[in-house]
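K.L.:
This is what each chain is made of:
Protein chains: 2
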Amino acid sequence: MFEAAELGHKIDKETFRQEVPKLRAALLDVQYDVLQKKEFPVVILISGVDGSGKGETINLLYSWMDPRHISTLAFSEPSDEEAARPVMWRYWRALPAKGKVGIFAGSWYSQPIADRITGNMRKAELDERLDDINRFEAMLVNEGALVLKFWFHLSKDAQKQRLKALEKDPRTAWRVTKESYDRLKTYDKLQEVAGHVLRVTNTAKAPWIIVEGTDDAYRSLTVGRIVLDAMKRRLQQPVPQVPVAPPIVQAIDGRNVLSELDLTQKLAKKDYESQLAKYQSRLSELVRDPRFTGKHSLVLVFEGADAAGKGGSIRRLGAAMDARQYQIIPIAAPTEEERAQPYLWRFWRHLPRTGRVAIFDRSWYGRVLVERVEGFCSEADWLRAYAEINDFEHQMAGAGCIVIKFWLQISAEEQLSRFKERQDTEFKRFKITDEDWRNREQWDAYVDAVCDMVDRTSTGLAPWTLVEANDKNFARVKVLKTVCERIEAALDGEGKKKS
Amino acid sequence: MFEAAELGHKIDKETFRQEVPKLRAALLDVQYDVLQKKEFPVVILISGVDGSGKGETINLLYSWMDPRHISTLAFSEPSDEEAARPVMWRYWRALPAKGKVGIFAGSWYSQPIADRITGNMRKAELDERLDDINRFEAMLVNEGALVLKFWFHLSKDAQKQRLKALEKDPRTAWRVTKESYDRLKTYDKLQEVAGHVLRVTNTAKAPWIIVEGTDDAYRSLTVGRIVLDAMKRRLQQPVPQVPVAPPIVQAIDGRNVLSELDLTQKLAKKDYESQLAKYQSRLSELVRDPRFTGKHSLVLVFEGADAAGKGGSIRRLGAAMDARQYQIIPIAAPTEEERAQPYLWRFWRHLPRTGRVAIFDRSWYGRVLVERVEGFCSEADWLRAYAEINDFEHQMAGAGCIVIKFWLQISAEEQLSRFKERQDTEFKRFKITDEDWRNREQWDAYVDAVCDMVDRTSTGLAPWTLVEANDKNFARVKVLKTVCERIEAALDGEGKKKS
Chain X
1 MFEAAELGHK IDKETFRQEV PKLRAALLDV QYDVLQKKEF PVVILISGVD
51 GSGKGETINL LYSWMDPRHI STLAFSEPSD EEAARPVMWR YWRALPAKGK
101 VGIFAGSWYS QPIADRITGN MRKAELDERL DDINRFEAML VNEGALVLKF
151 WFHLSKDAQK QRLKALEKDP RTAWRVTKES YDRLKTYDKL QEVAGHVLRV
201 TNTAKAPWII VEGTDDAYRS LTVGRIVLDA MKRRLQQPVP QVPVAPPIVQ
251 AIDGRNVLSE LDLTQKLAKK DYESQLAKYQ SRLSELVRDP RFTGKHSLVL
301 VFEGADAAGK GGSIRRLGAA MDARQYQIIP IAAPTEEERA QPYLWRFWRH
351 LPRTGRVAIF DRSWYGRVLV ERVEGFCSEA DWLRAYAEIN DFEHQMAGAG
401 CIVIKFWLQI SAEEQLSRFK ERQDTEFKRF KITDEDWRNR EQWDAYVDAV
451 CDMVDRTSTG LAPWTLVEAN DKNFARVKVL KTVCERIEAA LDGEGKKKS
Chain H
1 MFEAAELGHK IDKETFRQEV PKLRAALLDV QYDVLQKKEF PVVILISGVD
51 GSGKGETINL LYSWMDPRHI STLAFSEPSD EEAARPVMWR YWRALPAKGK
101 VGIFAGSWYS QPIADRITGN MRKAELDERL DDINRFEAML VNEGALVLKF
151 WFHLSKDAQK QRLKALEKDP RTAWRVTKES YDRLKTYDKL QEVAGHVLRV
201 TNTAKAPWII VEGTDDAYRS LTVGRIVLDA MKRRLQQPVP QVPVAPPIVQ
251 AIDGRNVLSE LDLTQKLAKK DYESQLAKYQ SRLSELVRDP RFTGKHSLVL
301 VFEGADAAGK GGSIRRLGAA MDARQYQIIP IAAPTEEERA QPYLWRFWRH
351 LPRTGRVAIF DRSWYGRVLV ERVEGFCSEA DWLRAYAEIN DFEHQMAGAG
401 CIVIKFWLQI SAEEQLSRFK ERQDTEFKRF KITDEDWRNR EQWDAYVDAV
451 CDMVDRTSTG LAPWTLVEAN DKNFARVKVL KTVCERIEAA LDGEGKKKS
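So the sequence lines, in the order shown, correspond to chains X and H. For the record, in the first sequence the residue sitting at position 475 is 475 according to the UniProt record's numbering, with numbers rising by one throughout. For the record, in the second sequence the residue sitting at position 494 is 494 according to the UniProt record's numbering, with numbers rising by one throughout.
Read the hints as simulated data drawn from the structure, not as lab findings. Mixed in with the good hints there might be a few duds.
Because identical chains cannot be distinguished in the list, a pair is counted as satisfied if it fits within a single copy or across any two copies.
For lysine-lysine, the following DSBU-like pairs were computed, each having C-alpha atoms within a straight-line distance of at most 35 Å [said to hold, decoys possible]:
id : residue 1 : residue 2
1  : K22       : K420
2  : K278      : K160
3  : K205      : K266
4  : K278      : K22
5  : K123      : K205
6  : K164      : K10
7  : K38       : K98
8  : K160      : K38
9  : K38       : K270
10 : K481      : K123
11 : K205      : K270
12 : K295      : K168
13 : K37       : K98
14 : K164      : K481
15 : K98       : K168
Just so we're clear, the structure is a prediction, and the values are computed from it rather than from any experiment.
Generate coordinates for the entire structure from the input sequences, incorporating the hints supplied.
P.N.:
See the structure below:
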């Protein structure tokens with residue numbers, strides 16, 4: 001893997017001096033084009049062997065481009081806010097906006113590689129993480145990002161010489177620490193682990209670029225040219241599209257998960273009141289349980305047809321909790337800052353920390369529901385969303401987050417009568433908009449979208465609960481009961497694992 | 001102060017039952033009006049004696065309004081990201097956007113009151129903090145926010161009874177802890193401290209509303225009505241304006257801080273190169289000094305006429321530091337999320353944590369420069385900005401941040417020749433815009449604005465450095481030298497304090 005990066009590549013000083021001004025002018029040019037177009041971010045990963053010139057190269061890129069539109073993020077220990085959320089949260093929050101260049105000095109690769117070298121991570125775990133990373137990077141590229149992953153290589157001898165040279169120069173001696181020499185000792189292990197990591201994550205969408213780090217001029221010019229070339233090409237290319245998935249199979253007998261729901265289910269007022277009280281009080285205890293607050297967070301997703309009663313169910317849940325513990329996130333049109341990021345970014349930013357609860361009133365499923373039905377995104381976009389959403393929820397679950405998703409279903413007749421009732425009698429804020437009536441015309445298209453969504457995203461870790469919502473009482477109790485049971489199952493699971 | 005809140009105010013159940021539906025409908029109505037207008041945020045502080053019904057009241061407000069547009073923030077120990085920044089940073093990041101309701105359960109008052117009770121804060125320190133708070137709240141109100149500060153009071157006996165009642169009910173018993181009884185012991189001390197705090201912060205712009213907490217129905221209805229009434233009145237009123245400050249005094253001899261600068265100062269190329277190297281290497285050491293990284297952060301502000309050479313100076317600073325340690329923040333038009341917040345919010349969000357550096361290419365001074373000159377904000381807005389900016393920088397300095405501000409001055413002739421040079425020869429990205437030519441026509445207005453700015457915001461903690469920038473070499477070295485000297489002074493100050 002690293003053979004070509006041990007050939008002793010060199011560039012003489014004179015060539016370097018001649019090349020740099022041209023390269024610099026061209027880089028500035030292309031950077032401004034990217035900035036003006038604001039169509040995609042540039043994500044540059046700088047990784048590799050210690051002493052291979054990572055810091056120098058980043059500083060050079062700063063001096064060659066306009067540093068005001070570059071940000072560099074270094075990742076050492078996660079902050080407590082980061083540690084209380086899924087592993088990838090800190091990288092999501094650091095993603096550059098469209099038009100900008102984001103350099104990751106240390107990245108989502110650093111921790112797994114370090115942990116594998118020390119033996120803190122098993123091989124199987126590492127491979128699982130690499131799989132997650134591949135999917136994350138594919139998502140970035142599918143969202144339009146230009147992802148450039150550099151690995152700077154040095155032979156063992158070259159690394160030793162490099163450290164000595166750094167030590168000799170008073171301006172750089174500070175950079176050589178005991179850890180640097182420790183890392184020299186683990187050189188072989190690093191090569192083995194990195195070799196594996198690079199092989200597995202050397203994907204078509206985000207391939208690795210291995211650069212020999214020995215000669216400053218060679219390394220810098222190589223990186224500069226690759227960045228230039230990649231930005232130029234990306235400017236000329238349309239956003240790469242994923243291949244379209246096979247068509248959706250509809251059951252030929254017309255039955256589906258929604259048509260099979262028994263919407264006549266009801267709960268009498270008296271039963272409703274007693275069960276509501278029972279589950280609210282149980283929920284109130286569960287979210288205060290130290291087994292919950294110390295290890296878990298809770299994410300509730302509410303989707304459903306207009307007027308299906310999402311708001312009413314959310315209210316009953318909220319009433320059982322302390323307002324200081326939960327947050328309701330109503331999903332409306334994305335803001336300007338959100339539009340400058342990958343689709344899921346605006347949901348990642350609201351993930352609750354350990355011990356907290358987030359209730360999403362509509363959610364990331366918008367992409368495979370309204371955006372699909374109304375044609376607000378391309379087919380390729382919503383088709384790849386299923387897998388991206390599963391990854392997202394998988395990562396939440398991996399961090400102890402309990403993900404509970406509700407689809408509230410009402411019949412077309414019930415919706416019509418609720419619309420009419422709202423139009424005639426209720427407060428003005430509930431008044432029906434033209435959009436609601438338009439959505440209604442798409443009823444069948446929504447049924448298809450919902451069935452596909454359930455098929456493709458009801459996973460073991462984050463299953464969908466379909467709620468028969470023609471009767472509000474029945475629906476609210478089913479929601480509350482489901483939430484209690486899912487939390488209980490998670491807490492009991494903990495107990496079992498321990499014993 | 002609390003006498004009126006010990007009268008045993010009560011509302012009978014029947015009245016409560018009759019009033020609530022009307023109140024609720026009206027609250028929902030007004031909440032939606034506020035949401036649709038998106039003109040101001042509603043900031044509600046819920047504070048007071050333990051057991052006085054703070055949590056209940058917040059939950060009631062949630063059930064009376066649409067909870068999707070309310071957020072509640074509870075503040076206990078700051079996270080490590082918060083602890084590494086000025087005290088108020090955590091409150092700034094929690095401010096609700098225009099149109100939304102933000103409830104602060106625990107607020108900027110909690111810590112000072114608690115610390116004063118335990119004796120961790122001296123009286124003089126407390127008063128200084130209260131002064132800061134008054135200015136912060138005045139800023140919020142001037143920015144349009146509706147600020148409602150509730151203090152729930154209980155007599156000592158009432159508090160005791162309340163705790164017992166909570167303990168008896170299995171649904172609320174969990175809320176009574178050892179700390180609750182400890183607080184009963186400090187009741188008198190709390191009354192004394194809170195009495196003082198409330199008196200000092202009972203301002204015309206953000207007065208306290210003291211509510212007796214004994215009777216649930218009375219307390220809830222009172223709060224609900226006050227919130228309703230205040231939101232209604234705020235909707236009808238235009239943003240309150242601060243009185244206009246006295247006119248700016250111009251020296252009758254026409255001399256000012258800019259006219260007195262000797263713009264002929266120059267640095268020969270050889271001297272430039274040796275001094276640049278000297279100060280870059282010194283800066284490089286200073287920002288790695290453990291006395292800096294462990295206690296301080298650095299904020300650099302660059303302002304100046306167009307083409308004065310801000311970018312070039314910033315580049316030379318950056319070259320002396322590691323890209324992973326600093327961030328350049330180019331200030332452009334605010335984003336949608338930024339426009340929904342007070343003016344300074346978009347600068348607060350970029351404050352560096354301890355050990356880090358932020359370089360602002362243009363800054364919060366935009367308000368008293370371009371916005372004033374171009375009339376982008378009202379006179380009242382830019383007049384009050386001076387004090388708000390001083391407060392902002394005072395808070396940074398208080399948290400160990402070294403604030404260094406540069407105004408780069410060139411002569412009108414020098415600017416003209418740089419404009420022409422750019423227009424004729426340089427890369428397209430440096431081409432001159434029409435705006436640059438327009439700004440030039442306002443030269444004299446900018447001189448007035450700059451002189452006022454220096455007069456009013458050059459403080460001991462954050463003085464302005466005026467840089468003679470006709471000669472780029474001279475300017476760059478002066479900037480670098482100033483940065484080094486200011487950091488050294490801060491570090492030496494530390495040393496002296498210790499010894």
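K.L.:
Tell me, in ascending order, the numbers of any earlier hints that this structure violates.
P.N.:
Violated hints (numbers, rising): 3, 8, 9, 10, 11, 15; every other hint is consistent with the structure.
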